[in-house]
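Asks: What follows is each chain in one-letter form.
Protein chains: 2
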Amino acid sequence: MTDACSREETIQSFVEAMGRDFEKESMPRIAGRVFGLLLLETGPHGLQQLAERLRVSRASVSTNTRLLEERGMIERVTLPGDRRDYYRIGEAPGLSMLDKASERIRVTHQLLSSMRYRLADCAPEARSRLRSMERVYEAFLSAIDHAFDELSDTGPA
Amino acid sequence: MTDACSREETIQSFVEAMGRDFEKESMPRIAGRVFGLLLLETGPHGLQQLAERLRVSRASVSTNTRLLEERGMIERVTLPGDRRDYYRIGEAPGLSMLDKASERIRVTHQLLSSMRYRLADCAPEARSRLRSMERVYEAFLSAIDHAFDELSDTGPA
DNA sequence: ACGAATGTTCAGTCTTGACTGAACGAACCG
DNA sequence: CGGTTCGTTCAGTCAAGACTGAACATTCGT
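Those protein sequence lines, which keep their order, are chains B and C.
Going left to right, the first sequence walks through residues 1190 to 1346 as the numbering used here numbers them.
Going left to right, the second sequence walks through residues 1190 to 1346 as the numbering used here numbers them.
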């Protein structure tokens, strides 16, 4: 092949794909692009740098880096003698995502469970259906926990 | 307590909560309400019936029941000598949801993996980060499979 | 002190998609 | 046949929220 590492186009298409992927998870497209770019590029990137590279306003980058930071998917890095903030991929973005998923599931499980309790001793069919749904979420939760352990052993990601 | 089974209000608040919950999963709010109602109520419900009960248009119910049906979360029921369609909770809505989740994860995993392949033998750091992310998704996938088995044994839900 | 650079915030625009009403086709009833 | 009752579809409305540009506060260099 003529160019084993023509990164620019490849990277760009990946970054866009990550943007769309994030959108499906009801997260801002730009957050996905930032995350995707930081996954591929070496070393921390500044806000201005990200804005130019992604052709997006600094405001958007500022907002979305903060979002990603809160979720533990990227980290803010500062250097002595440099006023700027830099961003890089977090310590274990994957685990943060599992954690987030776990949280969401717990909420829905709680909703089902409290509803079943409220039905007290009437509507046995409904209670049974609710219980079944709860079991699914419980299995899902314990599955995530299991994955968590498995990954923490091998080394975090 | 005076009324152990004052269902109406309780049901309504649950139905609305399910609507909001579905919205967080980037699904239409009405789909969540339909699913929530069918979880609680006994026996299949007609389209008109659902529309009135939820105070939404028949068009919305039609669209969203089809969506839920495609996902295997509810079932369409027909009766001999009755032109109408009725809907009830699916055989195993929970498993369908796990299946859907599994599908989504596979897509992202594929995205990461193909990108890593494209990077061939350059950008070792990036490749390593991608590989780490892949491992998380793999663990997640196998976790879901595990949950699947566990539930299929006990009896589907 | 002044000007430039940096990150954040906020009002405003714009896109996306949920939801509706109305129109439609099909199946039934008299 | 009309007249109903279904379910679906489609154009149009509306709301949510992503994104932007401009204004701002802060910090630095000169």
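Read the hints as simulated data drawn from the structure, not as lab findings.
Computed from a prediction, not measured in an experiment: that's the story for all the values here.
Treat each hint with caution, since some may be false.
No copy labels: a pair is met if it fits in one copy or bridges any two.
In the EDC-like style, the derived pairs of lysine to aspartate or glutamate whose C-alpha atoms are separated by at most 20 Å in a straight line are [as the list claims (entries may be wrong)]: (1) Lys-1213 / Glu-1323; (2) Lys-1289 / Glu-1339; (3) Lys-1213 / Asp-1338; (4) Lys-1289 / Glu-1264; (5) Lys-1289 / Glu-1241; (6) Lys-1213 / Asp-1334; (7) Lys-1213 / Glu-1339; (8) Lys-1289 / Glu-1259; (9) Lys-1289 / Asp-1338; (10) Lys-1289 / Glu-1212; (11) Lys-1289 / Glu-1230.
Asks: Hints first: check each against the structure and report whether it holds.
Replies: For each hint, the structure was consulted:
1. Taking the shortest Cα distances, Lys-1213 and Glu-1323 sit within 20 Å of each other only across copies (19 Å), while inside one copy they are farther apart (25 Å).
2. Taking identical chains as interchangeable, the C-alpha atoms of Lys-1289 and Glu-1339 lie at most 20 Å apart only when both belong to the same chain, with a minimum of 17 Å there against 23 Å between chains.
3. Taking the closest pair of Cα atoms, Lys-1213 and Asp-1338 never come within 20 Å of each other, the shortest separation being 27 Å inside a single copy and 27 Å across copies.
4. In this homomeric assembly, Lys-1289 and Glu-1264 come within 20 Å of each other (Cα to Cα) only inside a single copy, at 17 Å, whereas the closest approach across copies is 31 Å.
5. When the C-alpha separation of Lys-1289 and Glu-1241 is checked against a cutoff of 20 Å, the pair qualifies neither within a copy, at 30 Å, nor between copies, at 36 Å.
6. Taking the closest pair of Cα atoms, Lys-1213 and Asp-1334 never come within 20 Å of each other, the shortest separation being 24 Å inside a single copy and 22 Å across copies.
7. Proximity of Lys-1213 and Glu-1339 under a CA criterion of 20 Å is satisfied in neither setting, with 27 Å inside one chain copy and 28 Å between copies.
8. In this homomeric assembly, Lys-1289 and Glu-1259 come within 20 Å of each other (Cα to Cα) only inside a single copy, at 11 Å, whereas the closest approach across copies is 27 Å.
9. With identical chains, the CA atoms of Lys-1289 and Asp-1338 are at most 20 Å apart within one copy only, with a shortest distance of 16 Å there and 24 Å across copies.
10. Taking identical chains as interchangeable, the C-alpha atoms of Lys-1289 and Glu-1212 lie at most 20 Å apart whether they share a chain (16 Å) or sit on different chains (17 Å).
11. Within a single copy, Lys-1289 and Glu-1230 get their C-alpha atoms no closer than 25 Å, and across copies no closer than 31 Å, so neither meets the 20 Å cut-off.
In summary, the structure is inconsistent with hints 3, 5, 6, 7, 11 from the numbered list given earlier, while agreeing with the others.
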